[in-house]
Amino acid sequence: MGNPQVEDELQQVDDAGLAMGFVRLLGLLSDPLRRAGKMKMEPVMGGVDVYDAEEVNSAQPKSFPEHLIVMVNGIIGSAGDWKYAAERFVDRFPDKVIVHRSECNYSTLTFDGVDLMGERLAKEVLSVVSHRPGVQKISFVAHSLGGLVARYAIGKLHEPLSSGESTDFAAGALTTDGNVERIAGLKPMNFITFATPHLGSRGRKQLPLLCGVPFLERSASQTAHLVAGRTGTHLFLTDEDDGKPPLLLQMVGDSQDLRFRSALSSFQRRVAYSNANYDYMVGWSTSSIRRPHELPKDDLFVRDERYPHIVCVDRGDAGGTHEGVAASDGDPRELDLEEEMLRGLTRVPWERVDVSFHGSTQRYVAHSTIQVKSYWINSDGADVILHMMDNFLV
Numbered sequence: 006m007g008n009p010q011v012e013d014e015l016q017q018v019d020d021a022g023l024a025m026g027f028v029r030l031l032g033l034l035s036d037p038l039r040r041a042g043k044m045k046m047e048p049v050m051g052g053v054d055v056y057d058a059e060e061v062n063s064a065q066p067k068s069f070p071e072h073l074i075v076m077v078n079g080i081i082g083s084a085g086d087w088k089y090a091a092e093r094f095v096d097r098f099p100d101k102v103i104v105h106r107s108e109c110n111y112s113t114l115t116f117d118g119v120d121l122m123g124e125r126l127a128k129e130v131l132s133v134v135s136h137r138p139g140v141q142k143i144s145f146v147a148h149s150l151g152g153l154v155a156r157y158a159i160g161k162l163h164e165p166l167s168s169g170e171s172t173d174f175a176a177g178a179l180t181t182d183g184n185v186e187r188i189a190g191l192k193p194m195n196f197i198t199f200a201t202p203h204l205g206s207r208g209r210k211q212l213p214l215l216c217g218v219p220f221l222e223r224s225a226s227q228t229a230h231l232v233a234g235r236t237g238t239h240l241f242l243t244d245e246d247d248g249k250p251p252l253l254l255q256m257v258g259d260s261q262d263l264r265f266r267s268a269l270s271s272f273q274r275r276v277a278y279s280n281a282n283y284d285y286m287v288g289w290s291t292s293s294i295r296r297p298h299e300l301p302k303d304d305l306f307v308r309d310e311r312y313p314h315i316v317c318v319d320r321g322d323a324g325g326t327h328e329g330v331a332a333s334d335g336d337p338r339e340l341d342l343e344e345e346m347l348r349g350l351t352r353v354p355w356e357r358v359d360v361s362f363h364g365s366t367q368r369y370v371a372h373s374t375i376q377v378k379s380y381w382i383n384s385d386g387a388d389v390i391l392h393m394m395d396n397f398l399v
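Letter by letter, the sequence shown follows residues 6 to 399 in this note's numbering.
Hints in this document: simulated from the structure, not taken from any laboratory.
Incorrect hints may appear among the rest.
Only pairs whose alpha carbons sit at most 25 angstroms apart, straight line, appear in this in silico SDA-like list of lysine to any residue [said to hold, decoys possible]: (1) LYS101 <-> PRO48; (2) LYS142 <-> ARG320; (3) LYS302 <-> ARG368; (4) LYS128 <-> ASP117; (5) LYS192 <-> SER260; (6) LYS249 <-> THR238; (7) LYS192 <-> PRO138; (8) LYS142 <-> VAL399; (9) LYS101 <-> GLN141; (10) LYS192 <-> GLU124.
Model, not experiment: these values are computed from the prediction.
Could you build the full structure based on these sequences and the hints that come with them?
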């Protein structure tokens with residue numbers, strides 16, 4: 006007889022998801038925690054749920070983990086990218102959290118555009134919530150492009166307040182009568198991004214690989230759609246669907262149909278982890294939602310023995326940042342778009358955590374190390390994951 010868990014896993018694989026099913030199967034065969042029966046990995050609604058099997062099996066139904074954590078991969082990524090972090094969460098909070106590693110946007114599906122990916126993620130989350138009726142709270146943890154996808158998805162999943170109630174963007178989701186806004190019917194807790202290009206990737210060294218060379222940055226904007234499809238046009242702010250502003254600019258406010266800012270505000274915490282250096286895919290400014298002149302100086306970096314790669318922590322402020330743009334040689338049109346996005350995003354407070362792998366042999370893959378995409382290659386990012394868990398609102 007074969008392994009029943011492996012056989013059950015194979016039943017979940019259809020032709021369209023064969024490659025990702027194979028990845029899940031390898032995980033079942035290789036993970037000692039799951040072989041020992043402690044940690045359960047279960048394919049659910051287009052993704053993978055991770056939880057403590059012993060805790061769930063021994064608990065009463067009302068004790069099933071109430072906090073759903075949705076983890077979202079970045080461009081050309083997969084659910085496996087969050088394997089390490091998901092298992093650390095379940096180890097740390099076995100009776101409190103269930104982690105869903107999203108799988109609806111993997112590999113080249115990440116070229117379909119932020120909006121389409123966000124729609125898929127929203128549908129996946131609703132399916133997971135219906136499958137796990139015991140969950141009461143929800144958090145999102147996203148890497149790179151996944152942070153933009155998650156921001157779009159929560160705009161779709163946001164449930165507005167009833168008439169007569171209003172949201173204080175600076176204070177969060179609490180209303181005058183103590184009610185709390187909902188995301189997919191659940192209480193929003195943490196919205197956390199790692200190396201996410203919140204301001205896009207156009208100009209101003211937002212794509213460090215181009216070294217800030219104006220010609221290369223202009224060429225990248227003009228050819229992004231050839232490399233990354235609709236996603237490329239969204240990242241470089243060149244989309245003009247139906248004469249509307251670029252999608253990323255739309256996503257810093259509210260409209261009649263999609264309340265992106267209200268959705269962000271509904272979470273008790275919003276946190277942006279960013280690489281201060283050695284990230285060649287996403288610049289420090291765009292990932293930390295700051296203007297270049299607001300970035301901390303090296304002499305202000307402070308090391309912590311518990312988190313050796315965390316160099317600066319800004320707990321955020323209620324008023325956001327509203328300073329003008331510093332003098333720059335950049336294209337005024339780019340600066341106007343970036344400034345408008347900054348003003349919109351900072352209407353809600355953000356915690357900013359700056360990371361530096363300077364001195365690490367893994368610094369040249371900092372974009373993946375910050376999330377510990379693969380423990381064998383990116384293990385130096387483990388303290389960043391620890392920092393996230395130590396400050397997580399469960």
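These are the hints, each one checked on the structure:
no., hint, verdict
1, LYS101 <-> PRO48, "20 angstroms, holds"
2, LYS142 <-> ARG320, "22 angstroms, holds"
3, LYS302 <-> ARG368, "19 angstroms, holds"
4, LYS128 <-> ASP117, "16 angstroms, holds"
5, LYS192 <-> SER260, "22 angstroms, holds"
6, LYS249 <-> THR238, "13 angstroms, holds"
7, LYS192 <-> PRO138, "14 angstroms, holds"
8, LYS142 <-> VAL399, "9 angstroms, holds"
9, LYS101 <-> GLN141, "11 angstroms, holds"
10, LYS192 <-> GLU124, "20 angstroms, holds"
Taken one by one, the earlier hints all hold for this structure without exception.
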